[in-house]
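Sequence order for the protein chains is L and G. Each residue of the first sequence is one higher than the one before, starting from 1 at the first, in full-length UniProt numbering. Each residue of the second sequence is one higher than the one before, starting from 1 at the first, in full-length UniProt numbering.
Everything labelled a hint here was simulated from the structure, so no lab data went into it. Don't take every hint at face value.
Because identical chains cannot be distinguished in the list, a pair is counted as satisfied if it fits within a single copy or across any two copies.
[Said to hold, decoys possible] For lysine-lysine, the following DSS-like pairs were computed, each having C-alpha atoms within a straight-line distance of at most 27 Å:
hint, residue 1, residue 2
1, K82, K290
2, K52, K180
3, K228, K82
4, K69, K286
5, K69, K204
There are 2 protein chains.
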Amino acid sequence: MKKNVIVGQSGGPTAVINGSLYGTVCEALRKTDDFEHVYGMLNGIEGFLHDKMMDMSTLAETGELELLKTTPGSYLGSCRYKLPEDLSDPVFPHLFEKFKQYNIGYFFYIGGNDSMDTVSKLSRYASQTGSDIRILGLPKTIDNDLVETDHTPGFASAAKYVASTVREISIDASVYDNKKSVTIIEIMGRHAGWLAASSVLARKFEGDNPVLIYLPEVAFDPDEFIGKVKQALEDTPNLVVCISEGINDGNGTFICELASDVGVDNFGHKMLTGSGKYLENLVKEKLGVKVRSVELNVSQRCSSGLLSRTDLDEAIASGAFAVNNALAGETGYMIAFERISDEPYTLKCTLKDGNCSEPPWGTN
Amino acid sequence: MKKNVIVGQSGGPTAVINGSLYGTVCEALRKTDDFEHVYGMLNGIEGFLHDKMMDMSTLAETGELELLKTTPGSYLGSCRYKLPEDLSDPVFPHLFEKFKQYNIGYFFYIGGNDSMDTVSKLSRYASQTGSDIRILGLPKTIDNDLVETDHTPGFASAAKYVASTVREISIDASVYDNKKSVTIIEIMGRHAGWLAASSVLARKFEGDNPVLIYLPEVAFDPDEFIGKVKQALEDTPNLVVCISEGINDGNGTFICELASDVGVDNFGHKMLTGSGKYLENLVKEKLGVKVRSVELNVSQRCSSGLLSRTDLDEAIASGAFAVNNALAGETGYMIAFERISDEPYTLKCTLKDGNCSEPPWGTN
């Protein structure tokens, strides 16, 4: 008897997380000799525990499947559900009972670190209990902080959004030349600076904005920052500074926490303020120049208007690769990218073992 | 002797302010029988006072003129320079001396209310002194707050940005369904609600997000707001609320001023906080649900990625219309749009008198 496929999404959206879903579903629907039904789980593993599923073939019939590729957000909905560390927890037999009930032979999970943790636990449990269900993880993250892969689907689109938007904001900031001004742009990536670093792509020439870029990997010193800003304003009257939301003092204190220590609202609660807003006030106090801060916010993680074609192609490819490897008997792996060459840019999909005690994709 | 043309930009950028410039320059460069040189003033009238100009024909020769259409920001740079009310101020003869020096016969100024004020003053001064220089204004504003015109170039693109981005944020907010959440989106337009109202275009069905939209034209009552949010959360667990940055109590106090009365940073200064951030704290305090605020910020006024083709076409048309009317001897007018029909959507350019004591475009 042919088995069924189920695919889910988890964690925060990216511009191409639905590309990974599209790639998986398209390839699975093509293999009519191998699979009976292709199901999507709604709101990830958490929804599946409540039998929330849909049949993906209806999407193909209505033509909506093609639209998935450029749909923002997570089409199937998401969850933030961490399976217990203890594989003897009753949730595991409960889940596998459900797999049996729905005749699931293939399980694909698209997500970040926590989702790959789910893949690891489920496949280890399957191995322990002799289940032949094949379980594979498809990575997504705008932070690009998974190890043992060249990069992750979602990052390139987010980087394109950041580069384009920082360029537009820099142009906007430069229309008046008669007064010194500072624009501070706060970019996502609390622990990883890849996305903030991508703002360098907004520069058109040496010394162009953003002149200063701050990453969370380097300890941030407010006094040094003010000195650099003062100096940069000499050459660039309309200065743009990009910062990661996660800039910190190197000893575990985020700069935004300094801000939250300060402002108290009229209920006596701390005002939650970002690092950008904190530095805006610092620049105003120390240098007295016109200053504003801009938080790029959630658009950078799911804006479909600026998604990268290459990123989308790679996400789709990772889905197809997962399906074919599951068919070939592989289980317990995360799909990763290996760069073959830079020029021409060539990439191949590979499998990374997710069953070792220290998962290769990090533990954050 | 043929006279020269000069064109300038003023005020904040829009996605199509360079479209207006393109339309003006293209049409003027075509009329080689009528005009000698076509100049751009750098940083508006303020730059012109310091002889900052460029010859626009070089842009056409390099092919860069075509690129202007989709270039964000104000290509020529901008200024915020208000001419004195008193037409006997020495700046007026000084300016007209410069017009004479550069053999300027045609002056086009692209901008908002203040720029139209410049057009009005210059053309009244010209009339008083018998100067035959022809002076026309091309409107731009994302706020859409000029009167006697159906709408203004720049608004449609900003509205498209708002609608698209609010849709993306709403989708992003909806991926988790297991917990009530409120997302407050703050949109530009301090005194005019057109842009915040455009967020309604993000709705796909009745009751869809943004469920609540608040405009500056209606007095805002925080208690009533909390009641509405509480009620809306019953049907929409991931609620999106759009507010204009200018929501106020109806008696002249902006909601963001309530916030600024409160937070004080570690220098003892008021933390400048937007209305969205203030309401975020209010919802957290009163309802205890997950809440965040997003300020769309400057991208909504100049993002070229989401510019409206219709808006661009109309901006270009307004430039060509201005040039031809100046050639026909018209002066002291603002270019306005008159809607001929809704279906099919048909528009024509008209001239609005800018020399009356109360300019038709409002006085803000």
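**Hint numbers contradicted by this structure** = Of the numbered hints, 3, 4 do not hold.
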